[in-house]
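Visitor: Given next are the chains, with one letter for each unit.
2 protein chains.
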Amino acid sequence: MTDRVYNFSAGPAVLPVPVLEEAQKNLLSLPGVGMSVLESSHRSPHFTEIIETAESNLRKLLKVPEGHRVLFLQGGASFQFSMIAINYLRGTGKPADYILTGSWGKKAIKEAKREGEVNTIWDGADGNYNRVPKQEELNLSPDAAYVHYTSNETIQGVEFSTEPEVGEVPLVCDASSDILSRPLDLSTYDLLYGGAQKNMGPSGVALVIISERLLDRVPTEIHSMLDYRLLAENHSLYNTPPTFGIYLMMLVGKWLLEEIGGLEEMYRINQQKAGLLYDLIDGSGGFYRGHAEPESRSNMNVTWTLQSEDLEKEFLAEAKNLGLCELKGHRSVGGIRASIYNAMPLEGVTALRDFMETFKKSH
Amino acid sequence: MTDRVYNFSAGPAVLPVPVLEEAQKNLLSLPGVGMSVLESSHRSPHFTEIIETAESNLRKLLKVPEGHRVLFLQGGASFQFSMIAINYLRGTGKPADYILTGSWGKKAIKEAKREGEVNTIWDGADGNYNRVPKQEELNLSPDAAYVHYTSNETIQGVEFSTEPEVGEVPLVCDASSDILSRPLDLSTYDLLYGGAQKNMGPSGVALVIISERLLDRVPTEIHSMLDYRLLAENHSLYNTPPTFGIYLMMLVGKWLLEEIGGLEEMYRINQQKAGLLYDLIDGSGGFYRGHAEPESRSNMNVTWTLQSEDLEKEFLAEAKNLGLCELKGHRSVGGIRASIYNAMPLEGVTALRDFMETFKKSH
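So the protein sequences, as listed, match chains A and B.
Just so you know, we're using my numbering here: the first sequence kicks off at 33 and counts up by one.
Just so you know, we're using my numbering here: the second sequence kicks off at 33 and counts up by one.
Isolated chain A, as found in the complex (with noise of 0.2 Å):
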């Protein structure tokens, strides 16, 4: 454990060392299995009892109604970008609403557009994407497919506080680096997707939870690996699964219910985490710069700048012989990210903001 550094990547990410060390002492063979859950079928009664656990711990963390289907799925977010307008948009002769707020809004919406009209109903663009709109800021086309949006922006590190409200129309959510991170009611949700490698399990995982009426519009010609309907009618069993990645959902599941204590908690962690560094920013004169608005901030990716390029490569130089890894902002922002997703403790947390307090004292 001593060699372990904090790793602030914003995905694939942190995991709850309690997960770690359980799937480690069983790597080689399941208790009274006699096999790895890496070599198991994906039909095998051991496997059955893994998937259905997974799927009834995110039942009980996020509320969702009976009538919703918990998928586990593979590609990632972004074939869901490319499934949803398929399944959703494709031959409608409606226009689906996307609103945009950072880098993965704009990639759903460049695969939606392959499929139908799409309104970006609120683009960021104007502010650097470092905002998320208010509710009657919306233009929402009241004959829409759906509305898209993403809760988090991974990237800018810009989140929305609570779902906008959209009427009947389904509303569609990429919940990738948000997800678990606080209390949601799934009924609200139309479909909410979002890969597994930020709070939930590694990278090769998505999760989908779509509502009944949406499986009943999947169309009639479909591939089989795009069909939602038969993926759920096969308990997303259809072809072979990720099962060692819906085996850590399992694990982190439980972590959130039996160790944390349900996402009540989780969030009041959370947002304690969050504002150990969203305060020394703005306490700080300048020095830091934080890239959100205050009421749009992310409790999950923290970004912000410093005075110069040279000045944050010393700091991303300095953290790093410390043992605070991968904080450098993503490409195409610059800067600092923190992510501190769910896994992230409190104590990581707090290293990374006496490191910077002193950075500044001696800068």
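One should not assume that every hint holds.
Copies of the same chain look alike in the list, so a pair counts if it fits in one copy or across any two.
Pairs of lysine-lysine residues, derived as DSS-like cross-links and limited to a Cα-Cα distance of at most 30 Å, are as follows [stated by the list, open to error]:
#	residue 1	residue 2
1	K360	K57
2	K95	K286
3	K352	K392
4	K286	K57
5	K92	K57
6	K142	K360
7	K393	K138
8	K57	K392
In short, the hints are calculated from the structure, not lab data.
Following the hints, put chain B in place on chain A, whose structure we already have.
Guide: Below, chain B without anything else, positioned relative to chain A:
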């Protein structure tokens, strides 16, 4: 170790113990890195080294020509069924030739038919898919977009001993269940693909090896996650890849190169293992009846029946008591199936053979 069974699962399947042991040892922290591979950015220097080594191992093992690209994708072979047809059949006005030797070929054809004309140029249905065709039985279309075949049918247990000859038409092969089991010369193939979960690693990664001339034929309008050229240009990092699966593939390649000594030696061992079971079946006087015709027998999946389903149930129950697990045939074929991939040790096959002899004597 003592609690491990012999796992004859068709996939996800047994992995080499040294691979599992190394992954276990480093699961909380890669040496000198301070974080788990599960937590590592796909753009970090240490993951770059992992994916580059995974590729160079495969290039050595499979004699991959320089111009061919090696891709690590998601969605399994099932997603490739669609990707191949969307990239290379859609809009060409040409037919695609499919050789149908079992269940997986049937699934590949189902997806391809969505995109254009499919000629099933040979269909093993008459013999209940108990053999592969001879070269002279193939009615190749001279103008085909490509020829597709399944080198080993996991469910039926039939395997091509060599590639069909297709002239200048691109040869596309689903090698999911026999890749890395014997030497191949990749210059014969324009596209060779397979899910990792049989001979290469865990589920959740698909290997695609693709020629330059096919990369040049990717249509311009295509969803990013379906675009072989885009995925190749980004070295499998267009979006976050399944990092842990690629890490295990790297370790499996290392095991084949360093501990086994390459694919010639692996092939010798695989023939020896399969020979033990087929010899016993042939000498059992009809007590065990092999499904595949001798010249089409698979070295990976050995399939047979007993005189009655009741006897098969008894066989499976007694085998399980001895730690010989996952021997039930696929529900679509019935009987018994022993999957004896690279990582199944000779001792496991010998134990199964000995049990089969004893069971025959006592029944």
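Visitor: All hints, please: hold or fail.
Guide: Each hint tested on the structure:
1. In this assembly of identical chains, K360 and K57 lie within 30 Å of each other by CA distance solely across copies; the values are 29 Å between and 33 Å within a copy.
2. Taking the shortest Cα distances, K95 and K286 sit within 30 Å of each other inside one copy (15 Å), while across copies they are farther apart (45 Å).
3. With identical chains, the CA atoms of K352 and K392 are at most 30 Å apart within one copy only, with a shortest distance of 16 Å there and 65 Å across copies.
4. Within a single copy, K286 and K57 get their C-alpha atoms as close as 16 Å, and across copies as close as 23 Å, so both meet the 30 Å cut-off.
5. In the homo-oligomer, the alpha carbons of K92 and K57 lie at most 30 Å apart inside one protomer (26 Å), although the nearest pairing across protomers, at 33 Å, exceeds that limit.
6. In this assembly of identical chains, the alpha carbons of K142 and K360 lie at most 30 Å apart only when taken from the same copy (26 Å versus 46 Å across copies).
7. Proximity of K393 and K138 under a CA criterion of 30 Å is satisfied in neither setting, with 39 Å inside one chain copy and 68 Å between copies.
8. When the C-alpha separation of K57 and K392 is checked against a cutoff of 30 Å, the pair qualifies neither within a copy, at 42 Å, nor between copies, at 39 Å.
Consistency note: the structure conflicts with the earlier hints numbered 7 and 8.
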